[in-house]
Amino acid sequence: MSQQVAEPKRAKEIFASIQAVFPDAKLEYAKERRLKISVSPSSIRDVSKFVRDKLGFDHISMVSGVDWIAKNQFEIVYFVETSLKPGFEDFVLAISERIPRDNPSAPSLIDIWPGADYHERETHEMFGINFEGHPTTKYFLLPEDWNDIPPLRKDFISPGR
Amino acid sequence: MTTEVTYEPEADRIMNVALGPQHPGAGHFRIQLWLDGDYVVKAEPDPGYVHRGEEKMCEYRNYIQNVPHLERPVILDSSNILFPYALAVDELMGNKVPPRGQYLRVIMSEINRIISHMYFLGIMGMFVGHTTMTTWGMGDRDFWIDIAERIGGARVTFAYIIPGGVRNDMPEGLKERALKTCDWFEKRMDEYEKIFFKNPLYLERTENVGVLTAEDAVKYGATGTVLRASGVRKDVRKDEPYSAYEDFDFDIPVLNSGDSWARSYIALLEMRESVKIIRQAFKNMPQGQVRLKLGPQPRVPPGEVFARTEAARGEMSYHLISDGSPRPYRVKIGTPSFKNMRVLPHLLKGVHVADIPAIYWSLNYWPVEADR
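Chains U and P are the protein sequences, given in the same order. So for the first sequence, this note's numbering puts the first residue at 1; every next one is plus one. So for the second sequence, this note's numbering puts the first residue at 162; every next one is plus one.
Among the hints, erroneous ones may be present.
What the hints assert, rightly or not - Here are the simulated lysine-lysine pairs, DSS-like style, with alpha carbons at most 25 Å apart: (1) Lys437/P with Lys336/P; (2) Lys49/U with Lys85/U; (3) Lys85/U with Lys203/P; (4) Lys71/U with Lys49/U; (5) Lys154/U with Lys138/U; (6) Lys444/P with Lys138/U; (7) Lys49/U with Lys26/U; (8) Lys399/P with Lys12/U; (9) Lys49/U with Lys9/U; (10) Lys71/U with Lys85/U; (11) Lys348/P with Lys138/U; (12) Lys437/P with Lys154/U; (13) Lys380/P with Lys49/U; (14) Lys31/U with Lys348/P; (15) Lys355/P with Lys257/P; (16) Lys510/P with Lys257/P; (17) Lys9/U with Lys71/U; (18) Lys217/P with Lys138/U; (19) Lys217/P with Lys71/U; (20) Lys348/P with Lys437/P; (21) Lys217/P with Lys380/P; (22) Lys399/P with Lys31/U; (23) Lys9/U with Lys355/P; (24) Lys12/U with Lys54/U; (25) Lys380/P with Lys257/P; (26) Lys399/P with Lys355/P; (27) Lys12/U with Lys71/U; (28) Lys348/P with Lys54/U; (29) Lys138/U with Lys203/P; (30) Lys85/U with Lys355/P; (31) Lys336/P with Lys510/P; (32) Lys12/U with Lys26/U; (33) Lys437/P with Lys9/U.
These are computed hints drawn from the structure, not numbers from a lab.
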């Protein structure tokens with residue numbers, strides 16, 4: 001990212017404390033009020049537990065999926081925030097993981113942040129990502145009789161386009 | 162003759178009922194209920210009846226063409242759903258919005274907050290059988306819509322807050338009229354308080370109904386009025402002042418009881434703060450340009466951004482990815498109604514069927530906003 005001119009002190013500190021425990025965590029970008037890290041799907045649950053218990057990020061703002069079709073990957077981004085930790089109300093941490101497009105499966109974080117429930121259901125049906133450990137795979141926003149590929153994948157072309 | 166009492170088998174006692182999607186109050190939204198007599202055993206929201214694929218539509222249109230359709234999901238609060246989108250594009254492009262444009266953004270955002278809260282209180286009155294609040298809410302809303310119409314040129318969907326500033330300047334002489342409306346509305350709000358919020362019947366229906374603790378509110382990711390009515394002080398306008406919000410003097414109302422009454426009363430308190438902000442913004446309005454000239458197809462450099470604002474219902478957030486092409490690669494919209502929806506099954510567990518409307522509508526849930 002190009003916007004790393006002003007030294008984002010807090011973001012760097014948070015990243016350093018995560019990297020001290022999880023050396024494979026990679027920095028995507030650090031801004032004054034934003035930090036995005038990427039971790040492997042196998043360690044995302046441990047990172048999330050650490051971030052919740054030790055750093056105080058107590059709820060999910062939203063979960064976003066991205067279809068990187070050229071790289072044959074899906075990216076899942078969890079945006080987490082804090083309501084109760086003073087001094088960090090303006091901070092948003094994004095934890096991202098990349099999974100292969102052919103076998104889209106990732107662990108669910110529903111037991112770590114219960115608010116992830118509907119966000120993961122939406123990502124599941126819009127991208128066809130299977131969240132292991134999520135109790136339901138019923139369609140949420142899509143109609144029950146939807147029988148096409150998941151609509152937010154890049155190779156799904158909207159009718160009439 | 163002997164009388165024998167037979168009980169129903171357990172399996173037959175639970176009845177499955179669908180509330181909506183044709184219910185006049187629920188909107189285009191269904192709640193699947195499992196009832197034991199008059200009690201709710203389990204509730205499951207079933208949204209999606211008005212899903213339009215806004216996020217997919219964004220990928221087919223350029224950054225300016227996205228403006229009008231993005232505000233359709235929530236026509237009551239249409240400027241506030243565009244606000245974070247404009248902030249996200251501004252951040253990617255490095256736009257410095259002129260001060261007058263920022264003030265006009267704030268004015269439009271706060272007028273939309275009032276319009277949305279008035280509608281919310283009106284329907285809340287309808288749900289609990291208080292028709293006076295319904296007619297007052299719908300009627301008084303119009304005075305604010307009139308002002309928004311003078312600024313934005315339309316009555317519901319203004320397409321006013323755009324990347325680079327606002328679409329046009331406000332007309333001459335609007336300030337006096339807006340300040341008069343502020344004075345009148347502040348007196349009017351005292352009447353709502355007396356007639357509606359202190360009404361024993363309304364208190365009976367909503368006090369200690371659907372109590373949400375602060376702990377659960379945070380756990381389920383509730384936001385906006387729902388979160389603040391449970392005693393958590395969180396408002397993006399204060400936490401992370403965007404646009405010109407750091408220039409204004411206003412409070413964040415917080416209530417502690419977390420019941421349906423608090424969730425509706427906090428809307429009134431917020432409208433008082435909005436009036437304060439609107440008055441200050443009109444009085445201290447800077448002169449100058451209101452927008453940057455970006456052209457019909459602006460070039461947005463590649464990058465990724467997460468932007469959020471405080472909409473009427475809570476935190477509205479966007480995750481926007483640009484790959485340098487004329488159209489966004491990915492737009493994810495996180496709406497407050499979708500975030501608050503997880504609270505609904507939690508609150509409905511174990512309540513009387515008659516309490517469902519008072520709990521459901523107190524969440525200020527707008528089905529189209531959740532479905533997008």
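Hint by hint, here is what the structure shows:
Between the alpha carbons of Lys437/P and Lys336/P the distance comes to roughly 14 Å, so the proposed pair stays at or under 25 Å and holds. Among the hinted pairs, Lys49/U with Lys85/U is consistent with the structure: their alpha-carbon atoms are about 16 Å apart, no more than 25 Å. For the suggested pair Lys85/U and Lys203/P, the alpha carbons sit about 33 Å apart, so the restraint of at most 25 Å is broken. The suggested pairing of Lys71/U with Lys49/U is violated, with an alpha-carbon distance near 29 Å, which exceeds 25 Å.
A hinted pair counts as satisfied when its Cα atoms are at most 25 Å apart, and Lys154/U with Lys138/U qualifies at roughly 22 Å. A C-alpha spacing of about 53 Å is found between Lys444/P and Lys138/U, which places the hinted pair above 25 Å, so the restraint is violated. Under the criterion of a C-alpha separation no larger than 25 Å, the hint pairing Lys49/U with Lys26/U is consistent with the structure, at around 17 Å. Using a Cα cut-off of 25 Å, the hinted pair Lys399/P and Lys12/U holds, with the two alpha carbons roughly 23 Å apart.
At most 25 Å may separate the alpha-carbon atoms for a hinted pair to count; Lys49/U and Lys9/U meet this at roughly 23 Å. Between Lys71/U and Lys85/U the CA atoms are separated by roughly 38 Å; this puts the pair beyond 25 Å, and the hint is violated. Of the supplied pair hints, the one linking Lys348/P and Lys138/U is violated, its CA atoms being roughly 50 Å apart against a limit of 25 Å. For the suggested pair Lys437/P and Lys154/U, the alpha carbons sit about 46 Å apart, so the restraint of at most 25 Å is broken.
With a C-alpha separation of about 14 Å, the suggested pair Lys380/P and Lys49/U falls inside the 25 Å cut-off, and the hint holds. Note on Lys31/U and Lys348/P: the hinted pairing is violated, with a Cα-Cα distance of about 44 Å set against a maximum of 25 Å. Taking the CA atoms of Lys355/P and Lys257/P, the gap is about 45 Å. The hint is violated against a cut of 25 Å. Annotation: proposed proximity of Lys510/P to Lys257/P is violated, straight-line Cα distance about 49 Å (limit 25 Å).
Between Lys9/U and Lys71/U, the direct Cα distance comes to roughly 32 Å. Violation of the 25 Å bound is thereby established for this hinted pair. Only pairs whose Cα atoms come within 25 Å are accepted, and Lys217/P paired with Lys138/U is accepted, the gap being roughly 21 Å. Under the criterion of a C-alpha separation no larger than 25 Å, the hint pairing Lys217/P with Lys71/U is consistent with the structure, at around 20 Å. Simply put, Lys348/P and Lys437/P have alpha-carbon atoms about 13 Å apart, close enough for the 25 Å limit, and the pair holds.
A hinted pair counts as satisfied when its Cα atoms are at most 25 Å apart, and Lys217/P with Lys380/P does not qualify at roughly 30 Å. For the proposed pair Lys399/P and Lys31/U, the alpha carbon gap of about 19 Å is at most 25 Å, so the pair holds. As the CA atoms of Lys9/U and Lys355/P are separated by approximately 50 Å, the hinted pair breaks the 25 Å bound. Between Lys12/U and Lys54/U, the direct Cα distance comes to roughly 16 Å. Compliance with the 25 Å bound is thereby established for this hinted pair.
Annotation: proposed proximity of Lys380/P to Lys257/P is violated, straight-line Cα distance about 37 Å (limit 25 Å). A hinted pair counts as satisfied when its Cα atoms are at most 25 Å apart, and Lys399/P with Lys355/P does not qualify at roughly 30 Å. For a cut-off of 25 Å, the pair hint linking Lys12/U to Lys71/U is broken: about 28 Å separates their Cα positions. In summary, the hint linking Lys348/P to Lys54/U is not supported, as the alpha carbons are separated by about 48 Å, beyond the 25 Å threshold.
About 17 Å separates the Cα atoms of Lys138/U and Lys203/P, which keeps this hinted pair within 25 Å; it holds. Between Lys85/U and Lys355/P the CA atoms are separated by roughly 37 Å; this puts the pair beyond 25 Å, and the hint is violated. In summary, the hint linking Lys336/P to Lys510/P is not supported, as the alpha carbons are separated by about 49 Å, beyond the 25 Å threshold. Taking the CA atoms of Lys12/U and Lys26/U, the gap is about 12 Å. The hint holds against a cut of 25 Å.
A hinted pair counts as satisfied when its Cα atoms are at most 25 Å apart, and Lys437/P with Lys9/U does not qualify at roughly 35 Å.
Hints 3, 4, 6, 10, 11, 12, 14, 15, 16, 17, 21, 23, 25, 26, 27, 28, 30, 31 and 33 from the earlier list are contradicted by this structure; the remaining hints agree with it.
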